[in-house]
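Trainee: Let's have the full structure, built from the sequences with the hints guiding it.
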Amino acid sequence: MSGHPTVRDDPDDVMVRRAATVGHRMAMGPGEPALTEWAAAGLALPDETAMMRYRLDRIVAQMADDDLDGILLFDPMNVMYATYAPNMQVWLLHNQARYAFVGADGRLVLFDYPGCGFLSAHNPFIHEVRPATTFTYFLSGGRTDEQAGDFAAEISDLLATHGGGGRRLALDSSTTLGVTALQDTGISLVEGTRVMEEARKVKGPDEITAMRCSLEGTRVACGKMFEAMAPGMSENQVWGVLWAEMLA
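Residue numbers for the sequence shown follow this note's numbering, beginning at 1 and rising by one.
Hint data in this document are derived by calculation from the structure and do not stem from the laboratory. The structure displayed is predicted, hence computed values, not measured ones. Possibly wrong hints are sitting among the right ones.
[Claimed, not checked] Result set (SDA-like, lysine to any residue): computed pairs, CA atoms no more than 25 Å apart in a straight line: (1) Lys-203 - Val-220; (2) Lys-203 - Ser-214; (3) Lys-224 - Leu-247; (4) Lys-203 - Cys-213; (5) Lys-203 - Gly-31; (6) Lys-201 - Glu-48.
[Claimed, not checked] Just the calculated beta-carbon pair ranges, DEER-fashion: (7) Gly-166 - Ala-228: 53 to 59 Å; (8) Met-211 - Leu-247: 16 to 22 Å; (9) Leu-242 - Glu-197: 53 to 59 Å; (10) Val-179 - Ala-244: 40 to 46 Å; (11) Thr-193 - Asp-47: 27 to 33 Å; (12) Ala-228 - Ala-61: 23 to 29 Å; (13) Gly-232 - Ala-61: 50 to 56 Å; (14) Phe-138 - Ala-64: 33 to 39 Å; (15) Gly-115 - Ala-230: 44 to 50 Å; (16) His-94 - Pro-231: 38 to 44 Å; (17) Asp-67 - Glu-227: 53 to 59 Å; (18) Ser-214 - His-94: 35 to 41 Å; (19) Leu-242 - Val-179: 35 to 41 Å.
Note that beta-carbon positions come from the ideal geometry of N, C-alpha and C, so glycine has one too.
Mentor: In structure tokens, the structure reads:
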């Protein structure tokens, strides 16, 4: 499967160059006024590159502890943890059109929605971005069985190349069709949600720094909300003030 290029293989693509710059990705921030507020509170910014490296290392270490050859992630929260590259998070809760594979050797492959590879160009630890092979009915219609077979074959190939020599694959979630297709290739599936929770529960220095910034943003937003509260306001009006401050 070496024919799949990484997004960074096309350095002349304007969108790729722009996406590879610091702060340019799908995530909304950080920016003003948050940066000024954090500076006033004496808070430092996290090293995002170090955080990406730490998170991938945590996943690989947890897989080693559990004697796994790889892990396949569909849950948008888990994909975000592994790749630091969000895309249509809410929509993907219903349509499994984006997923990530991590091999025992640390190989990280993101399967993204067609044409969206540039969204992860800021992460130097994503080795490949491939187009996702979708097998939900909404996205593949009458070709669900065929698409599921192609999807499973590609994952099986990755597991053989980047696993530890076995066929133990952790999976956080999928449809019955996806599970059956993977098992039909001889893969032994293991519950993957626990693997990711164990990996995520140990926070690194930059994650703690990021959490401090996030809490300060919440503190400021709640303060603005309390200041705006007045008799006669609806709950939605007050809630709107909070969200306006959180998203600004």
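Trainee: All hints are to be evaluated individually against the structure, with a verdict given for each.
Mentor: Do the hints match the structure? See the list:
In summary, the hint linking Lys-203 to Val-220 is supported, as the alpha carbons are separated by about 24 Å, within the 25 Å threshold. With a C-alpha separation of about 15 Å, the suggested pairing of Lys-203 with Ser-214 holds against the 25 Å cut-off. Taking the CA atoms of Lys-224 and Leu-247, the gap is near 13 Å; set against the 25 Å cutoff, the hint holds. For the proposed pair Lys-203 and Cys-213, the alpha carbon gap of about 15 Å is at most 25 Å, so the pair holds.
Between Lys-203 and Gly-31 the CA atoms are separated by roughly 24 Å; this keeps the pair inside 25 Å, and the hint holds. Only pairs whose Cα atoms come within 25 Å are accepted, and Lys-201 paired with Glu-48 is accepted, the gap being roughly 18 Å. The beta-carbon spacing between Gly-166 and Ala-228, approximately 58 Å, falls within the hinted interval of 53 to 59 Å. Remark: the range hint 16 to 22 Å for Met-211 to Leu-247 is upheld by a beta-carbon distance near 18 Å.
Between Leu-242 and Glu-197 the beta carbon distance is about 28 Å. The supplied range of 53 to 59 Å is therefore violated. In this structure, Val-179 and Ala-244 meet the distance hint of 40 to 46 Å, their C-beta atoms being roughly 42 Å apart. Checked against the hint of 27 to 33 Å, the C-beta distance between Thr-193 and Asp-47 comes to roughly 28 Å, which is consistent with it. Remark: the range hint 23 to 29 Å for Ala-228 to Ala-61 is contradicted by a beta-carbon distance near 46 Å.
Between Gly-232 and Ala-61, the C-beta spacing of about 55 Å keeps the proposed range 50 to 56 Å intact. Taking the beta carbon of each, Phe-138 and Ala-64 are about 36 Å apart, inside 33 to 39 Å as hinted. With their beta carbons about 47 Å apart, Gly-115 and Ala-230 fall inside the hinted range of 44 to 50 Å. Here the CB-CB span from His-94 to Pro-231 is close to 40 Å, well matched to the stated 38 to 44 Å.
With their beta carbons about 54 Å apart, Asp-67 and Glu-227 fall inside the hinted range of 53 to 59 Å. Evaluation of the 35 to 41 Å hint for Ser-214 and His-94 yields a failure: the beta carbon distance comes to about 27 Å. Distance hint for Leu-242 and Val-179: a CB-CB separation of about 40 Å, consistent with the stated range 35 to 41 Å.
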